[in-house]
Amino acid sequence: MNNANKVWASVNEINNDAEFKKTQQQEFVDQKPVDALANEESLKSTSANRRDFLKYLGFSLGAATVASSCEIPVKKAIPYVVKPDAIVPGVANYYASTLLNGGDCTPVLVKTREGRPIKIEGNALSSMTGGGTTARDQAAVLSLYDTNRIKAPRGAGLTFEEGDDKWAKIDAAIASKLSPSSNIAIISNTLMSPTLKASIDQFKVKYPNTQLIQYDPVSASAMLDANEASFGKRAIPSYDFSKAKVIVSFDADFLGTWISPIEYTKDYAKNRTIKDIDGAKMSRHYQFECGMSLTGSNADHRVLIRPSERSTAIAALAGALDIGGGSGRGLDDKIKTAITKIARELTNNEGSSLVVCGSNDKNEQLLVNAINARLKNYGATIDIANHSNQRQGDDKAIYNFVNSGRADAIFILNANPAFDLPYADKFAKKLESTPLTVSFNQTEDETTSLCKFACPDHHNLESWGDAEPKAGQYSLIQPTISPLFNTRPAGQSFLTWAESAELDADAEQPYYEFLKKQWESNLFGKTSGFARFQNFWDSAVHDGVVSMPSEGGGSASFGGDAGAAISNLTKPRSGGIEISIQESIAIGAGQYAGNPWLLEMADPVTRMVWENVLCVPVKFDGINKYIGGYEGMPLDTGDLVTVKVNGKEMTLPVVLQFGQMQNTATVQLGWGRTKAGAGSDYGADFYPALTVKGTDTQYDGVAELSGAKGREKDFACVQLHHTMGIKGMGTEEGEEINVDEKVLGYKGFQGSLTERSVINQTNLSTLKEFIGDDPHDGDVKVKGLLYKRHHFEHLNEQTLYPYDEYKDVAYEQGHHWGMAIDLNACTGCGACTVACMAENNIPVVGRREVRRVHEMAWLRIDRYYFGDAENPNTVYQPMMCQHCDNAPCENVCPVAATNHSSEGLNQMTYNRCIGTRYCANNCPYKVRRFNWLDYNQADLFGYNENKIGKDNDIMYMADDLTRMVLNPDVTVRSRGVIEKCSFCVQRIQEAKLTAKTELRQLKDGDIKVACQSACPTGAIVFGDTNDKKSEVNEQWKNKRNYFVLEEVNTRASVGYLTKVTNRDEDFS
Amino acid sequence: MTYERFNIKYTLTFVLLFCSMLAFAAPNPNNGQTLFKANCQSCHMKNMKADMTGPALGGVQERWEGKEELLYTWVRNTQAAAATGDAYAVKMIDWDPSVMQAFPELTNENIDDILLYINNMYTDGCAEPPCVTGDIATTSATKEEKGFNWLYALLFGILALLALVLVRITSNLNHMAEVKAGRATQRQTLLETLTSRNIVSLAIFAAVVLGGFTTVNNAINLGRQQEYAPTQPIKFSHATHAGINKIDCQYCHDGARRSKHAVIPAVNTCMNCHKAILNGPTYGKAEIAKIYAASGFNPATGAYYEENTPQDTLMKHMEAWLAAEYLDKDGNKVEVREDIAAEQFDEVKEYVGKDMEWVRIHNLPDHAYFNHQQHVVAGGVECQTCHGAVEEMEVMKQYAPLSMGWCVNCHRQTEVQFADNPYYDSFEKYHEDLKSGKMDKVTVEDIGGLECQKCHY
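If you're matching them up, the sequences are chains A and B in order. Take 0 as the starting number for the first sequence in numbering that gives the first Met the number 0 and just add one per residue. Take 0 as the starting number for the second sequence in numbering that gives the first Met the number 0 and just add one per residue.
Be aware that a few hints might be false.
[Stated by the list, open to error] Simulated crosslink set (DSS-like; lysine-lysine; CA at most 30 Å straight-line):
(1) K74(A) x K245(B)
(2) K168(A) x K244(A)
(3) K82(A) x K245(B)
(4) K75(A) x K348(B)
(5) K66(B) x K82(A)
(6) K332(B) x K274(B)
(7) K332(B) x K82(A)
(8) K203(A) x K168(A)
(9) K242(A) x K1036(A)
(10) K428(B) x K1028(A)
(11) K1028(A) x K434(B)
[Claimed, not checked] Computed Cβ-Cβ distance ranges for the label pairs, DEER-style:
(12) R196(B) x P801(A): 51 to 57 Å
(13) D365(B) x I626(A): 51 to 57 Å
(14) D365(B) x D537(A): 38 to 44 Å
(15) A85(A) x D419(B): 26 to 32 Å
(16) K353(B) x D51(A): 44 to 50 Å
(17) P400(B) x L157(A): 56 to 62 Å
[Unchecked claim] Covered stretches of chain B, going by a simulated chain A footprint (3 or more residues, C-beta under 8 Å):
(18) 252-260
(19) 266-278
Keep in mind the hints are simulated off the structure, nothing from the lab. All values reported here derive from a predicted model rather than from experimental measurement. Heads up, the beta-carbon is just placed ideally off N, CA and C, and yes, glycines get one too.
Modelling step: build the complete structure from the supplied sequences, incorporating the hints.
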């Protein structure tokens, strides 16, 4: 069934489920808090009765009286003894640094207040990211203050007494266990730091039998091998998505997790936004996959293939491009037709197309290289000369080492192989049998806890270091806080153990000196324009990034054997349910699973928090219902199933996923960590389910499902929390109705309640029609969006109140803040949501509370589907307080705790709020959040506190260490008040003050709100709408612009730019 | 009327005083006050009744009776006066080990002014008796107001009495009429009336209202600490630093111009001056020693200690330095009594190598955002507007209530520096209105200074 003009969010909604409709009509969905409390296991044991209640009441009243009448506590203020020049208490400092974790590398600016890092911003000087960040980057500050970090080195059999130099003892112990002939293996994720590599080289001088084994949990090893075979260079090329008019991706989630997502997202979005609707152009994006990935959800067309059909599909594409490879025998005719069409389009765009593949299969990658070479993309959209270093893992090396390697010592360097390898159990055994095992990891994770020595490295934000993410692109890591614990840089440990002459052990920061020396001898010579090294160094530290002159060319001749690759391709499996196992956007391959911000970030596609789920397909039954599951196995969202893959059984809940291919399932990797602090024991671990082909890890397989085995108790999916504008099918007539309409009992009520405008979407080919003629310009021949908005304007003028008169007086001068969000540039990556958490002290509530619809995020990204229900297109809509100039929330507050400012801000005053929640009820956008419990541990009474963690035993934010992450410019809210997006008022005020102090007008761009600055694509624009030249005004003038629920006369201050896809109408 | 007599009396005094000045160019106590503040106050108590570094000056003229010229000499140079061999002068030289500074620049007239000021302060407690606070005009105004209040009270009393009498008369007449009509009624006595149900309920109601009102009023003040002047670890005198030595507020509180916090100065800010100024006018070495103790400075050598110098060494050095004799700012040797040195060391030793824990005086209520830069730089507000005359405070205290009402009131009244700052150019309408005379000033309130999220976010 085609639903071209319809937008929906879930199966229940599109099915018009009766139970669902009932819940949607309730203001507070799910259980009422009272019921929930009464059912709560934890509360059953309490025996409080009425008399106790009165006693407590009396006591607390008395206590409060006594407390308040006693003397005010004496507060101490301790000044610096010697104040550092750079620090002014109350003023933030920004330091350029780099966030580096395995294959993730982002140049950033770290905001520090009084010497503690509290926020990450992108470094706009980086040509790679252009100032964009990911959600993982945004959450880095919280991992710095992780209570789970190792606080001091430890060694088996070593005891320390007070005053001991622990490191000296550790060094001596390790030295005694090593001899120059020792076989040493250093196991690491991708290592991008040239200086750390240099220190390992120093180590190798003393211990020549040392091998560095790099691997990646989600591996690109086969791709590296294929590139070596094709071009003689074992490296990942640089891709330029901004030059590609046609993009074809086979299972490569390049907007979410593949290689360098920020860079690709930034470039990709350049060809997806439309400024002027006349002559609008967009790239076209085809995605081959079985489940809905973030990248797939942004594609114009998704071609559904089973994971085992990927090889054949690539071969068929090669065949259609005359490289040989056949016609795709065994593929569905639909897929074959699609491939033929895609091949034609690619041929038409030679040199401006891009084919990428995310699989870990050398033959497939080789063939993709052949296709790109055939399309003349090397030197155009692909640059192999200036390659990327972001994946260097070698599956063969790690596989051989674990299975047949011999080592006297294993060093674990920022990796967790006892968890994130398909053969993790084997690795764990190997660790146990090796005499010397040392881990440099920062937490007691699965691997470190098995190691005899823990020599914790500094956290990224505490250390000096460097990275070379792409050839010639250097990025410097500088510390932003002194080490919180007794840790030491891993590089320094290597140099110390190597007794290297390069190490100045007496220096205050030996590794810093080593780093400087490395840069002086390796990089300074290649630069020009600096008289002395110190000048170069200062500039590098200041900017954070250094670009060496890039190597020319980039075009390479393909030297691989495509024919051999084709003949070695795997054949599609027949029958069975195939499962695809993918990296998680939020927690990566498990490296970030200890971070509560990322755990509570909703997955862009499934909108799940705190766990992974099995995505199962949805099918139209041919009459009027959508049914989830498989042949003979109906499943519903929230059902628990046991999946057997590769002989291993995992139990996890199910989510019905639109766009999931029939007879396939998708699941996320990285969950199910057992030693990840707050993130322990959430979700199911699918690493054991991974198989190995040759030596390469494969991320798909065949699944056997048990069928529904009950329901998940704490199913925490935010998909249908805080929804607006729900439509459904009328029960009697079978026609589509608006749920609100039903509630009111008015049918056909004019204007506001019919046809709500939440999402506007169209195709590029119909864009002009969709926009239509502008009624302000005269006759309207084509009634489109502009006509509709004109109609809304007319409706909104029909008011008893002379609103427009007020508006002129109220907002004619000074500032009026507004925002514009381009739904075409938004890829749904979620960086903004975590940035908002970090900036505004938004609490983490834990899975139990999310299940009760109590999540606190001020900014959510609503995900809607449209088009073909079994293979729909997706639109992401960041939704936050719209700062309505005619705000429904303001009118209903009995204490005026929420009201409007002269600058158009919908203000929320926490100290006035008494928690009636009328405002939340009356908000049509559902963006107001209520502090049901004391999520930030801000008040005195323990009963109100909230706990997170699987065993409900972690009091998040209760300790001083975690609290260091709080932004001192934003109030920490306590229980019982409403909160919501403030348009980052603290940033507005700061920028205004700077302008006043500098005796100048506020410039457009002076204020960058947190979500805006985190966004890699610039989808969010903020500014002063009274400034006629501001960018936000430009965006509002874009004909695609509309306001959500404009018809209900809220006069919102956030404009959305219509989502436009570039679908080929003839493509089926 | 009383208030008129007051007025006349003061005017007369004032005129007389003024005339006498013109006629005889008599000593001027106001000049004396200025001179005293500039020269004497750092050692002599202002109340003239207590000893400080220097002795109490009250009654000094009586003590030097007949030796006026010698007194002038003494003030200008004590050593010279003592050299004359005068018994009293010699006795005073031995009064305290510290030697009085020489003031050769003071003329006889200056000294007369100071002496008059001293005398006035000693006998009347102010520079120019009769002692009133504030200037004369405001005093009479307050008196006037007070007079009116009394008048109202009197009027109220008379009227109340009249009402009572009238009520009684009507009641009597009514009663008589009733009796005449033959209806014998029971008359209530005054006591019965006062204890009747209505009156008692009224009284209870009034008590509840009054009690509620007082409770609310007091409750609003809970947590406020106006006039809060806690004891600080160092007996730091703003009067000495900001008043006498005229150090700019923002020299030490350097955050005020660039941050939300005015900042308690870092210890090394103190050291900028106190590296050289080793003893103070009031407490000698005792208080300044605490800075050295906290900053790791050795005043004996004039250098900072190496890192990791043992605590014992620091202590030993500090004890020795406190006991050692020293030179005052004129290069005169001052000896320290052993017991005093021991006492001082007792106090100082807890600061050796420790942080300086000041007691925070200005505590904003929770959830309120305040930015010094906004007020000091953008608003051009004087420090004294909110902090009072700090330069006169020997002990720092909280001058303003720091209540929301106080903030809001100021925002209502304060004029924005509208014309001078291009930032405000976007307020086009106000600029027009100012030009056309529709508005005479733009207050903070006009540009949204009373909105919640200007201070609460």
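Here is what the structure says about each hint:
1. K74(A) x K245(B): Holds, at about 29 Å.
2. K168(A) x K244(A): Violated. K168(A) to K244(A) sits at ~60 Å, over the 30 Å cutoff.
3. K82(A) x K245(B): Holds. K82(A) to K245(B) sits at ~24 Å (cutoff 30 Å).
4. K75(A) x K348(B): Cα-Cα ~20 Å, so holds.
5. K66(B) x K82(A): With Cα atoms ~55 Å apart, K66(B) and K82(A) exceed 30 Å; violated.
6. K332(B) x K274(B): This hinted pair holds, its Cα atoms lying about 19 Å apart.
7. K332(B) x K82(A): violated, 35 Å
8. K203(A) x K168(A): holds, 22 Å
9. K242(A) x K1036(A): OK: K242(A) and K1036(A) at ~27 Å, within 30 Å.
10. K428(B) x K1028(A): Status holds; Cα separation ~19 Å.
11. K1028(A) x K434(B): holds, 26 Å
12. R196(B) x P801(A): 51 to 57 Å: holds, 54 Å
13. D365(B) x I626(A): 51 to 57 Å: holds, 55 Å
14. D365(B) x D537(A): 38 to 44 Å: Since the Cβ atoms of D365(B) and D537(A) sit about 42 Å apart, the hinted range of 38 to 44 Å holds.
15. A85(A) x D419(B): 26 to 32 Å: holds, 31 Å
16. K353(B) x D51(A): 44 to 50 Å: holds, 47 Å
17. P400(B) x L157(A): 56 to 62 Å: Cβ of P400(B) to Cβ of L157(A): about 60 Å, so the range 56 to 62 Å holds.
18. 252-260: With 6 residues in contact (Cβ-Cβ under 8 Å with chain A), the coverage given for the segment 252-260 of chain B holds.
19. 266-278: That given contact holds, which follows from 3 residues of the segment 266-278 of chain B lying within Cβ reach (below 8 Å) of chain A.
Checked against the numbered hints above, the structure breaks hints 2, 5, 7 and satisfies the rest.
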